[in-house]
Amino acid sequence: MTKLTPVHPGNRIELPSEWAAEMGLSKYAALEKTKDGIVVHSCSGANWDEVFLHKLRIGTASESPHEIEVTGDSVLL
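Residue numbers (the numbering used here): 1 to 77.
Worth double-checking, as some hints may not be accurate.
[Claimed, not checked] Between beta-carbon pairs, the in silico distance windows are:
| hint | residue 1 | residue 2 | range |
| --- | --- | --- | --- |
| 1 | Gly-10 | Ser-42 | 20 to 30 angstroms |
| 2 | Lys-3 | Asp-49 | 15 to 25 angstroms |
| 3 | Cys-43 | Lys-3 | 29 to 39 angstroms |
| 4 | Trp-48 | Pro-6 | 18 to 28 angstroms |
| 5 | Gly-24 | Lys-3 | 28 to 38 angstroms |
| 6 | Arg-12 | Cys-43 | 15 to 25 angstroms |
| 7 | Tyr-28 | His-8 | 35 to 45 angstroms |
| 8 | Glu-14 | Cys-43 | 16 to 26 angstroms |
| 9 | Cys-43 | Thr-5 | 39 to 49 angstroms |
The hints are simulated quantities; they were obtained by calculation from the structure and are not laboratory data. Note that beta-carbon positions come from the ideal geometry of N, C-alpha and C, so glycine has one too.
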């Protein structure tokens, strides 16, 4: 089913409320750009406990520098 919606200032669009309810959207939505358009996925916001759950723990890094991945979030001291 296709529906038209205006693009508001700031590139905001409003999803039909019944679509948001069916998808379980509340505070956040994940957007994926594809060659055919934009896909909207439901997601929940992460809290700090969830963020740090997947971070590297002190003393667990590999001793081999070839096995260490450095990203933009990494800090080298």
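Hint-by-hint comparison with the structure:
Separation of Gly-10 from Ser-42 is about 22 angstroms and conforms to the stated range, judged on CB atoms against 20 to 30 angstroms. In this structure the supplied range 15 to 25 angstroms is violated for Lys-3 paired with Asp-49, their Cβ-Cβ distance being about 38 angstroms. Between Cys-43 and Lys-3 the Cβ separation comes to about 22 angstroms, which falls outside the hinted range of 29 to 39 angstroms. Between Trp-48 and Pro-6 the Cβ separation comes to about 36 angstroms, which falls outside the hinted range of 18 to 28 angstroms.
Remark: the range hint 28 to 38 angstroms for Gly-24 to Lys-3 is contradicted by a beta-carbon distance near 19 angstroms. Against the hinted window of 15 to 25 angstroms, the Cβ-Cβ separation of Arg-12 and Cys-43 comes to about 18 angstroms, which satisfies the hint. Under the hint 35 to 45 angstroms, the C-beta atoms of Tyr-28 and His-8, about 18 angstroms apart, miss the expected range. Our hint of 16 to 26 angstroms for Glu-14 and Cys-43 holds, since their Cβ atoms are close to 19 angstroms apart.
For the hinted restraint 39 to 49 angstroms between Cys-43 and Thr-5, the CB-CB distance of approximately 21 angstroms leaves it violated.
Going through the hint list in order, the structure does not satisfy hints 2, 3, 4, 5, 7 and 9.
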